[in-house]
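Residue numbers (our numbering), protein chains in the order written: chain G, 1 to 344; chain X, 345 to 801.
Calculated directly from the structure, the hints in this document are not laboratory data.
Cβ atoms here follow ideal geometry from the backbone N, Cα and C, with glycine treated the same way.
Treat the hints with care, as some may be off.
FRET-style restraints, in silico, Cβ to Cβ [unchecked claim]:
(1) G:Ala38 / X:Asp582: 26 to 36 angstroms
(2) G:Asn292 / X:His506: 22 to 32 angstroms
(3) G:Leu151 / X:Phe358: 18 to 28 angstroms
(4) X:Val619 / G:Asp142: 23 to 33 angstroms
(5) G:Pro150 / X:Phe358: 55 to 65 angstroms
(6) X:Arg696 / G:Gly325: 14 to 24 angstroms
(7) G:Ile240 / X:Ser514: 53 to 63 angstroms
(8) G:Arg201 / X:Phe752: 52 to 62 angstroms
(9) X:Arg736 / G:Pro335: 24 to 34 angstroms
(10) G:Thr153 / X:Ser514: 27 to 37 angstroms
In silico lysine-lysine, DSSO-like type, Cα no more than 30 angstroms apart, as pairs [as the list claims (entries may be wrong)]:
(11) X:Lys586 / G:Lys337
(12) X:Lys586 / X:Lys629
(13) G:Lys333 / X:Lys462
(14) X:Lys462 / G:Lys337
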Amino acid sequence: MQTLWFWIFWGMLASFVVFGGIDIGVGILHLIVGRNEAQRTQTIRSIHQVWKPNEVWLVAGGGVMFVAFPLLLATSLSGFYLAIMLVLWLLIGRGLGIELRGRIADPMWRQFWDVAFCVSSGLLAVCLGAALGNFVRGVPLDQTGVFFEPLWTDFRVRSDTGILDWFTVLVGVTAVVALAHHGALWLNAFTEGVVQERSARIARWLWMPLVVILILAATASSILQPQIRMNVAAHPWAIIFPLGAASALIASRVLMRNGRDLQAFIASGASLYAALVAAAFGLHPYVLPARNPALGLTAIAAAAPRESLQLALYWWIPGMLLVAGYFFYVYSKLPPKVSVAEEE
Amino acid sequence: MDFAALLHRRLFAFTVSFHYIFPQITMGLALLIFLMKSMALRGDETANRAVRFWTKILGVTFAMGVVTGIPMEFQFGTNWSRFSAAAGGVIGQTLAMEGTFAFFLEAAFLYFLLYGEKRLGQRGHWAASLLVFFGSWLSGYFIVCTNAWMQHPVGYEILPDHRIALTSLSALLTNRWALVQYSHVMVGTVITASFLAACVGSYHLLRNEHVAVARKCLSLGVIVGFIASAMAAVPTGDLVAKQVYKYQPVKFAAMEGHFHTEDGAAMVLIGQPDVETMTLDNPVKIPGLLSFLTHQRWTSRIVGLADFPPDQRPDLVAPLYFSYHIMAGLGTIFIAIMSLGLLNLWRGKLYRQRWMLWILMLAAPFPFIANTAGWMTAELGRQPWIIYNVMRTADGYSRHVSTGNVWFTMLGFMGLYLFLSFVYFFVMTRIIGAGPEPDPSHETDTDLELVLVGGRG
Numbered sequence: 001m002q003t004l005w006f007w008i009f010w011g012m013l014a015s016f017v018v019f020g021g022i023d024i025g026v027g028i029l030h031l032i033v034g035r036n037e038a039q040r041t042q043t044i045r046s047i048h049q050v051w052k053p054n055e056v057w058l059v060a061g062g063g064v065m066f067v068a069f070p071l072l073l074a075t076s077l078s079g080f081y082l083a084i085m086l087v088l089w090l091l092i093g094r095g096l097g098i099e100l101r102g103r104i105a106d107p108m109w110r111q112f113w114d115v116a117f118c119v120s121s122g123l124l125a126v127c128l129g130a131a132l133g134n135f136v137r138g139v140p141l142d143q144t145g146v147f148f149e150p151l152w153t154d155f156r157v158r159s160d161t162g163i164l165d166w167f168t169v170l171v172g173v174t175a176v177v178a179l180a181h182h183g184a185l186w187l188n189a190f191t192e193g194v195v196q197e198r199s200a201r202i203a204r205w206l207w208m209p210l211v212v213i214l215i216l217a218a219t220a221s222s223i224l225q226p227q228i229r230m231n232v233a234a235h236p237w238a239i240i241f242p243l244g245a246a247s248a249l250i251a252s253r254v255l256m257r258n259g260r261d262l263q264a265f266i267a268s269g270a271s272l273y274a275a276l277v278a279a280a281f282g283l284h285p286y287v288l289p290a291r292n293p294a295l296g297l298t299a300i301a302a303a304a305p306r307e308s309l310q311l312a313l314y315w316w317i318p319g320m321l322l323v324a325g326y327f328f329y330v331y332s333k334l335p336p337k338v339s340v341a342e343e344e
Numbered sequence: 345m346d347f348a349a350l351l352h353r354r355l356f357a358f359t360v361s362f363h364y365i366f367p368q369i370t371m372g373l374a375l376l377i378f379l380m381k382s383m384a385l386r387g388d389e390t391a392n393r394a395v396r397f398w399t400k401i402l403g404v405t406f407a408m409g410v411v412t413g414i415p416m417e418f419q420f421g422t423n424w425s426r427f428s429a430a431a432g433g434v435i436g437q438t439l440a441m442e443g444t445f446a447f448f449l450e451a452a453f454l455y456f457l458l459y460g461e462k463r464l465g466q467r468g469h470w471a472a473s474l475l476v477f478f479g480s481w482l483s484g485y486f487i488v489c490t491n492a493w494m495q496h497p498v499g500y501e502i503l504p505d506h507r508i509a510l511t512s513l514s515a516l517l518t519n520r521w522a523l524v525q526y527s528h529v530m531v532g533t534v535i536t537a538s539f540l541a542a543c544v545g546s547y548h549l550l551r552n553e554h555v556a557v558a559r560k561c562l563s564l565g566v567i568v569g570f571i572a573s574a575m576a577a578v579p580t581g582d583l584v585a586k587q588v589y590k591y592q593p594v595k596f597a598a599m600e601g602h603f604h605t606e607d608g609a610a611m612v613l614i615g616q617p618d619v620e621t622m623t624l625d626n627p628v629k630i631p632g633l634l635s636f637l638t639h640q641r642w643t644s645r646i647v648g649l650a651d652f653p654p655d656q657r658p659d660l661v662a663p664l665y666f667s668y669h670i671m672a673g674l675g676t677i678f679i680a681i682m683s684l685g686l687l688n689l690w691r692g693k694l695y696r697q698r699w700m701l702w703i704l705m706l707a708a709p710f711p712f713i714a715n716t717a718g719w720m721t722a723e724l725g726r727q728p729w730i731i732y733n734v735m736r737t738a739d740g741y742s743r744h745v746s747t748g749n750v751w752f753t754m755l756g757f758m759g760l761y762l763f764l765s766f767v768y769f770f771v772m773t774r775i776i777g778a779g780p781e782p783d784p785s786h787e788t789d790t791d792l793e794l795v796l797v798g799g800r801g
């Protein structure tokens with residue numbers, strides 16, 4: 001039961017990265033692909049319909065963490081206190097950027113929210129990557145099962161490390177590159193005109209750096225986290241997850257070259273899913289590994305009482321069927337290509 | 345209560361009070377927009393213009409509610425980790441259900457309500473307004489349900505390791521506390537939205553602008569506002585008060601300013617509690633009324649605050665007393681204003697009665713105060729418990745998050761929310777100042793024209 005919820009939880013988070021990654025990636029590129037007000041309106045319009053449901057994956061994933069692994073929620077959110085508060089500010093900045101920008105037709109008003117949206121999206125990607133890096137590297141849990149990380153110490157990976165060290169910064173940069181690539185493929189598939197051409201150029205240009213930095217991050221992860229090596233040694237077949245991520249990434253490149261823009265974007269989403277499943281698999285059975293492996297928090301230890309997990313399954317399954325329906329409806333109603341045109 | 349616990353409480357209280365400005369507008373407004381869209385579907389074009397106008401306000405307010413709401417959910421983990429670790433298996437259920445059943449629904453269909461009228465057609469647009477209304481009210485239920493479990497825990501058991509396990513999902517979801525509290529809270533949101541509708545309508549009428557839509561907003565605001573204001577007192581307010589008396593007699597005594605046990609207790613209308621001496625300065629009381637309202641007998645006994653052990657009493661009695669009396673006092677004033685408005689609407693004078701329009705325009709901020717004061721009554725009165733009679737607030741906060749970090753984030757949120765208040769106010773004044781878009785059928789918006797087309801709907 002705990003294992004099932006472990007995968008549900010990671011699945012929800014991965015869905016946030018794949019769906020929410022669209023509008024985060026678009027936000028990172030917002031000031032680059034759109035050089036004037038009309039073009040920036042165009043990029044916002046391409047995500048306006050979907051960004052809210054996308055972001056709900058984060059809230060719903062947080063809800064699943066609360067109901068299934070309350071100890072994980074309590075330990076990690078309070079331990080990452082300052083980073084979480086930063087993330088909240090960034091979520092406020094980009095949400096208001098998207099929603100308020102179009103409310104007043106004034107160039108200064110729009111410039112302000114354009115920059116707010118872009119900067120907070122970029123920093124949010126860094127934070128999400130750094131968060132993943134912390135989970136992979138392990139946190140300084142003590143004997144009583146709590147920890148508190150400052151934002152940074154001396155950037156070395158040690159026992160009393162901060163939220164940002166060289167490894168988590170590396171994963172943070174990886175996240176920025178990966179989501180920018182993801183967002184560029186989205187814009188390439190769902191916009192037309194100059195914005196689409198620029199996005200296509202960026203997606204092509206980012207591909208090689210993305211491959212390099214992914215390899216760096218994956219190598220560093222397996223060096224820093226012994227559990228990954230142990231899991232791979234115990235289940236060699238699991239190598240299909242990183243291989244799957246790699247082949248989906250290659251597929252996105254090939255598909256884009258053949259002009260199949262939508263499929264290229266979907267392949268990028270698949271590679272993100274596979275990469276996150278690979279990370280989750282490497283860390284299992286830990287939901288929060290510790291720098292001292294003996295103190296790590298496992299799924300079983302972090303899980304809610306069995307009755308709670310059982311009862312939650314009764315509503316979660318029909319709930320997700322409804323969610324799938326909403327997503328199908330919202331995405332099927334997307335205009336095929338957003339052009340530089342008048343307001344909504 | 346130690347200082348750290350108080351600081352964590354203040355952070356939550358501040359951020360949730362600011363947050364609740366927005367959902368009370370959106371939940372109430374979602375109902376009004378649904379009503380207006382239903383009129384529009386029967387051919388009332390003025391109502392349709394009102395829908396287009398109010399969806400702009402709904403969109404901005406909704407965005408504010410979303411971005412200020414996410415910090416609330418995260419604070420359970422960041423600032424209340426010991427509470428979350430113990431009770432997550434129960435309150436995590438309702439919070440996760442809110443995300444799954446309500447947020448996805450609202451997030452998916454709000455866009456279509458705001459921008460999808462042309463694409464979906466009139467019936468589709470009406471359906472979107474229904475789904476947004478349903479989703480936002482469902483969201484409200486899950487939140488109230490979470491709070492109700494903390495006020496009146498049901499369907500749980502405490503395991504040997506002190507964690508709390510849920511034993512019955514249906515008991516959690518049909519907690520009688522939740523049903524009563526929900527009815528009162530939702531009526532409160534409708535009061536806020538209908539006062540807002542009446543305010544904007546009055547403002548435009550006083551300036552003789554956008555007359556047709558303004559009359560529609562004003563009349564709807566007054567009719568719905570009257571019903572909601574009345575329902576806030578009877579039956580919902582009465583039920584909540586009786587429920588508090590039955591299950592939380594300490595809170596009841598403290599919020600009423602009832603210090604000493606009496607047969608035939610008086611109802612305090614005005615007065616300032618002196619908690620040190622357990623007396624009330626400058627009291628204005630109605631003898632026997634408190635006993636009558638709780639027991640339907642003028643002489644029955646009501647236990648006073650002094651007769652409860654000190655470690656069971658709320659720590660902030662004076663703010664609790666004032667928040668309750670401000671809520672109840674404002675609620676009475678709302679009934680008076682809306683009765684007067686309704687009387688004048690019925691007599692056909694409302695649209696020209698400038699003093700009445702001024703009152704309705706200036707009254708709009710007060711429902712926000714009443715709603716916040718109501719929540720403060722519920723939450724201050726719950727102290728010293730975070731889960732009533734199960735877990736103390738002092739045992740719930742994150743002990744390893746230092747007070748310096750809590751101060752840091754609280755000051756940050758105060759600054760950010762001050763900025764957001766300006767932004768919101770600025771955008772609102774622009775939308776309200778611009779008013780609804782002109783009538784597409786080229787009818788001029790004048791009184792004369794309205795008389796001529798008045799029969800249309």
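Taking the hints in turn, this is what the structure says about them:
| no. | hint | verdict |
| --- | --- | --- |
| 1 | G:Ala38 / X:Asp582: 26 to 36 angstroms | violated (57 angstroms) |
| 2 | G:Asn292 / X:His506: 22 to 32 angstroms | holds (25 angstroms) |
| 3 | G:Leu151 / X:Phe358: 18 to 28 angstroms | holds (23 angstroms) |
| 4 | X:Val619 / G:Asp142: 23 to 33 angstroms | violated (41 angstroms) |
| 5 | G:Pro150 / X:Phe358: 55 to 65 angstroms | violated (24 angstroms) |
| 6 | X:Arg696 / G:Gly325: 14 to 24 angstroms | violated (50 angstroms) |
| 7 | G:Ile240 / X:Ser514: 53 to 63 angstroms | violated (42 angstroms) |
| 8 | G:Arg201 / X:Phe752: 52 to 62 angstroms | violated (42 angstroms) |
| 9 | X:Arg736 / G:Pro335: 24 to 34 angstroms | violated (55 angstroms) |
| 10 | G:Thr153 / X:Ser514: 27 to 37 angstroms | violated (49 angstroms) |
| 11 | X:Lys586 / G:Lys337 | violated (59 angstroms) |
| 12 | X:Lys586 / X:Lys629 | holds (20 angstroms) |
| 13 | G:Lys333 / X:Lys462 | holds (13 angstroms) |
| 14 | X:Lys462 / G:Lys337 | holds (18 angstroms) |
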